[in-house]
Each structure stands twice: as structure tokens, then as C-alpha cells.
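A.B. asks: The residues making up each chain are set out below.
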Amino acid sequence: MNLQVQIDEGNNGSVVHLSGEIDVYTAPKLKDALLPLTKQKGTLLEVDLTHVNYMDSTGLGVFINALKSSNEHECKFKLINLQDRVYRLFQITGLHEIMDLNSTIRGVDE
Amino acid sequence: MDTKDLDARSYTDLLKGYIKTQDERALYGAEQISKSFIKNNILPEEIVNLHIQALLEIYPDLHELIQPSMNFLLEAMISYGLAHQEYQQLREKQLELRSEIHLAARMQQILLQSEIPQTDDLDIGVISVPANQMNGDYHHFVRGKDGSINIAIADIIGKGIPAALSMSMIKYAMDSFPESEMSTNAILKSLNRVVERNVDPSMFITMFYATYKPDSGKLFYSSAGHEPGFFYSSKANRFKEIEAKGLVLGVKPDTTYSQYELELNKDDMVILLTDGVTECRKGDQFIERDEVLEVIRTYMHLPAQEIVNRVYRHFERIQNFQLKDDFTLVILKKVV
Numbered sequence: 001m002n003l004q005v006q007i008d009e010g011n012n013g014s015v016v017h018l019s020g021e022i023d024v025y026t027a028p029k030l031k032d033a034l035l036p037l038t039k040q041k042g043t044l045l046e047v048d049l050t051h052v053n054y055m056d057s058t059g060l061g062v063f064i065n066a067l068k069s070s071n072e073h074e075c076k077f078k079l080i081n082l083q084d085r086v087y088r089l090f091q092i093t094g095l096h097e098i099m100d101l102n103s104t105i106r107g108v109d110e
Numbered sequence: 001m002d003t004k005d006l007d008a009r010s011y012t013d014l015l016k017g018y019i020k021t022q023d024e025r026a027l028y029g030a031e032q033i034s035k036s037f038i039k040n041n042i043l044p045e046e047i048v049n050l051h052i053q054a055l056l057e058i059y060p061d062l063h064e065l066i067q068p069s070m071n072f073l074l075e076a077m078i079s080y081g082l083a084h085q086e087y088q089q090l091r092e093k094q095l096e097l098r099s100e101i102h103l104a105a106r107m108q109q110i111l112l113q114s115e116i117p118q119t120d121d122l123d124i125g126v127i128s129v130p131a132n133q134m135n136g137d138y139h140h141f142v143r144g145k146d147g148s149i150n151i152a153i154a155d156i157i158g159k160g161i162p163a164a165l166s167m168s169m170i171k172y173a174m175d176s177f178p179e180s181e182m183s184t185n186a187i188l189k190s191l192n193r194v195v196e197r198n199v200d201p202s203m204f205i206t207m208f209y210a211t212y213k214p215d216s217g218k219l220f221y222s223s224a225g226h227e228p229g230f231f232y233s234s235k236a237n238r239f240k241e242i243e244a245k246g247l248v249l250g251v252k253p254d255t256t257y258s259q260y261e262l263e264l265n266k267d268d269m270v271i272l273l274t275d276g277v278t279e280c281r282k283g284d285q286f287i288e289r290d291e292v293l294e295v296i297r298t299y300m301h302l303p304a305q306e307i308v309n310r311v312y313r314h315f316e317r318i319q320n321f322q323l324k325d326d327f328t329l330v331i332l333k334k335v336v
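Residue numbers (the numbering used here), protein chains in the order written: chain S, 1 to 110; chain P, 1 to 336.
Isolated chain S (complex conformation) (with noise of 0.2 angstroms):
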């Protein structure tokens, strides 16, 4: 399974649009895609993860570094229409609390 990166850049920020898988092999992929974009201060960076129906911790990690990173430059980090399974992770790590992740959405690839 593979992960496609699209991002749309805007005025005040870019919205990262990924669908597919998140795990050991995606997450360089990612990464490369999602940090230079957490250093551009003051503007907001959304992850839409509507079509992403698996992830493993390796994909948290790379949100974690995300975070940290967008924090230290003053970026706003921001996840959108998790899938329950996915969102799942996020609420057993406790990364729900300190992270802006918006509603779940139910499965739609399943």
C-alpha cells in the first residue's frame, strides 16, 4: 500500500491532503512533505487524513515532530477528518489532549 501526498498551498497556509497508508515505509515520505511546511511562521497547516485508513506509530511520530516543530516556529498544526481507527491511536497515546484534531469521521473506505 502506498501513501499520495497532494498539497495545496493557499494565502494563509497549505492543506495537505494524504490518502493511503501511514507506516514504517510511507513515513520518510511524509515527513519530507510535512516539515518544511511547519516552518512558515504564522501561517496554518491543516492534514486532511479523510482517505489515510491506516496508520502506525511511525505516522505518530511524524505528527509528534510535526507539532514540536510547527510549535518552535509558531506554525498552527492542525489534523482533520480522522477515520475512527486512525483517531483511535491518538486518543490511546494521549497526543488528543495537546494536539487540534478536529471530528472523527466514520470509515469511508471501509
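Hints in this document: simulated from the structure, not taken from any laboratory.
Watch out, some of these pointers could steer you wrong.
To spell it out: a stretch of chain P is covered by chain S in this simulated footprint if at least three of its residues, at any positions, have a beta carbon under 8 angstroms from a beta carbon of chain S; those stretches are [said to hold, decoys possible]:
{"#": "1", "stretch": "203-217"}
{"#": "2", "stretch": "220-228"}
{"#": "3", "stretch": "241-249"}
Where a beta carbon is used, it is the ideal one built from N, C-alpha and C, also for glycine.
Please arrange chain P on chain S, whose structure you already have, making use of the hints.
C.D. replies: Structure of chain P alone, referenced to chain S:
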């Protein structure tokens, strides 16, 4: 004649044969000889040279312009020759590194070994199997002076050396705690500060830390974002998820944790695991957490070590003996 001369001879013969017949057999011969070249470290420019010599032997009156053109080709191959030599050196280096990593992994295993404490109260079973060389899962037992038993189970997320070093860091930090006097949440709070200092920003650790006090029969525990374990109540004959909130280690320096408690009665069980257990895949499908419990239920009449061994074998089998993630399962069974 050494292999080089032998190859030179057969190269000429093969070329001769091919020019005459242009059949597959001669081409197959070329394929074989190419393998022999690689094996004997023959450089590309040497092959071109061999070709020139062979041509001259077959066609003593070779067109006078062909030969300089071949010399030109020979020059053009020289960088490839150098690249090939570099590749050989890198290969050797890689083998060296691999054996060093293997050694480091074995050393880590020895350093991190934790003996299962023997007690009259609890029957403890543990299995921890790495998917790759380095195990990202970690478990640790410490017996306190007052007879209490401390259990840590953790999953280090992050790769390679930083993760391995961090694992040793937490082990030594834990060994240095005056464990029997510290609450489980205070221990996680201290460990979080240790992990937070790690250099790799995408590395983090999930950990479940528990202390069993034999006097009261109570289990005190805290979780740093770890995959929830299960409590089996013998009286109710039911499994229940062990709920505990807390952020993973290594994300925020000032994180605090809560301590929870559970009373264990005879034949109750506590099941601690890592996500390698719950994220087993059966073909394309993930197994459900309930499936893990069903398997445990099948074997729960056995001693704790037998249960974890059988459960592991079950999931190893359904994944065709190829673990995707490290697998760690700890079972505590209260026997009195």
C-alpha cells in the same frame, strides 16, 4: 592458467561462435562469463580490452578505424570501473556494519534482560519477540524491598541507534529509582523528562508501569499512552480493558500522570501487551482486540508462561511466521 586467462580464452571462443551462428547458446555463454567477471572483480575497462584483443585475434585485418574507436570506448568505461571498485568497498563496509549492529543488538539484549521475579502470590509469564534485529519493545521487572513487584512494559517508537540508546537510558533511570517509595505516576513523570531530552524529535515511548503490593493484593498503575491491557476477573468470568489516561513519554517536558488501582483476587489475571499483539494482520485484515482475548481464554487454565507462549505461537502462525512488529505479552495470574 588462472581464471582470468581462462575467461579470456573462452570469451574469444564464444565471440567467435556467436559471430558465426548468432544463436542463443553463445549468448547464454556470455551471460555465464559475465557472472564470472563480477565474481572475479573484473573491471569494465578490462572487459573492453578483452573484447579488443579477441576482435584482433578473430579479424587480424580489422578495419583500422575500429581499433581507435574501441580504445575510445575503453576510456569511456574507466569511471564505471572506479564506481564498481567503490561499490565493492561499500559492500564490505556494509557487511562489517551489519555484523556490528548484530553484536550491538545482542549486547542490548543482555543488558536489558530482566528476570521474572519468583513470588508465591503471582504467576508471571512473559514473551517478547522482535520483528527485526533490534527489539523496540521493552519490559522490566524490579522487586522492591517491601516485596512489591514493579513491572514496566514499553514500546519505543523510533528507529535505530537513538531508540536503542534511549531504551538503555530508561532502564538505568528505572534501576536508580528508590522504587518501593515512588508512586507509578511519579516514575512516569521522571522517565518522561529523561526521554524528552532525546535528540530525535519523532521518537517517543509508550509505557505502562505497575506496582503490585502483596500485602494488600492491589495493583497500582499508570500509563503513558500505552496500548491498554486487560483485567480478567475470575469472579465475573470477564475481561475488561484497563483504562488509564496519560500522554506518551518524550513529547512534553512538564507532563504529569495519574495513578490508578485494581484489586486482584485469586485467579484474576492482568494482561499487558504492546501494539505488536493487537496489530497482527491476518492477510489484509487486522485482528480485533477481542480476538486476542478469545485466544487467551482458550489457554488461560495453563500456567502464565505457557499461556503467553501459546498465544504467541497462535499469532505467529496466522501471520505466516513473519512478524510485522515486535510482540510482547505479559500475563500476571494471582494464584492465592
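A.B. asks: Hint by hint, note whether the structure agrees.
C.D. replies: Here is what the structure says about each hint:
1. 203-217: Since three or more residues must qualify, the claim that chain S covers the stretch 203-217 of chain P holds, with 3 doing so at under 8 angstroms.
2. 220-228: holds (count 5)
3. 241-249: holds (count 4)
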